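Trainee: All chains should be modelled from the sequences, with the hints used to inform the complete structure.
Under this note's numbering, the first residue of the sequence shown carries the number 76, and numbering increases by one thereafter.
It should be emphasised that the hints constitute simulated quantities derived from the structure, not laboratory data. Note that the structure is a prediction, hence the values are computed from the model and not measured. Do not rely on the hints blindly, as some may be mistaken.
Unchecked claim - Across the chosen pairs, the derived CB separations fall in these ranges:
(1) 126 / 176: 28 to 38 Å
(2) 150 / 172: 23 to 33 Å
(3) 184 / 154: 19 to 29 Å
(4) 182 / 136: 19 to 29 Å
(5) 228 / 200: 28 to 38 Å
By construction, the Cβ of each residue, glycine as well, lies at the ideal position given by its N, Cα and C atoms.
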Amino acid sequence: MKEPKRLWREKFSPHFRGMGEQSRGRSDKRGLNMDNIEGEQKDRKIDENWKESIEREKAEAPKKENEHFRDEHIADFNLFISSLAMQAFVYLGLMPDPVTQKTQTDLTHARYIIDTIQMLKDKTKNNLTVEENANIDETLYTLRMKFFEHSES
76 MKEPKRLWRE KFSPHFRGMG EQSRGRSDKR GLNMDNIEGE QKDRKIDENW KESIEREKAE
136 APKKENEHFR DEHIADFNLF ISSLAMQAFV YLGLMPDPVT QKTQTDLTHA RYIIDTIQML
196 KDKTKNNLTV EENANIDETL YTLRMKFFEH SES
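Mentor: Pasting the structure below:
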């Protein structure tokens, strides 16, 4: 005789009292075996203070990250301009490329970086300190002179 089709829940759920099967223990109106469910809940450990522990971890995490970050990586306008100037020196062939350790000349990229530094100077006009203004002027002068020397040769 053919077995009637059963729902997935009836076939595979350990808590379901299927068609014609006898229930062991207590069950609710849906046929779920309540003894098994309560036993599973007793086996679980409940951490009552989980919210507090998560809040503590969140509060401590940025402190640990920022301690290392503050010491080594301070955002500074002069440092930023210097890093752009170093890239221009690499493209002008005055320094070896840090990755390939080869000296190459690319005047198009050098010109782009010099123009970028000039744009930064224009956009930050009246917002720079005397030191920052002197640094950007000196950097632009040096880069333009080196660019002119390389473009003439």
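Trainee: Next step is simple, just say for each hint if it's right about the structure.
Mentor: Structure-based check of each hint:
{"no.": "1", "hint": "126 / 176: 28 to 38 Å", "in the structure": "violated (54 Å)"}
{"no.": "2", "hint": "150 / 172: 23 to 33 Å", "in the structure": "holds (25 Å)"}
{"no.": "3", "hint": "184 / 154: 19 to 29 Å", "in the structure": "holds (21 Å)"}
{"no.": "4", "hint": "182 / 136: 19 to 29 Å", "in the structure": "violated (47 Å)"}
{"no.": "5", "hint": "228 / 200: 28 to 38 Å", "in the structure": "holds (34 Å)"}
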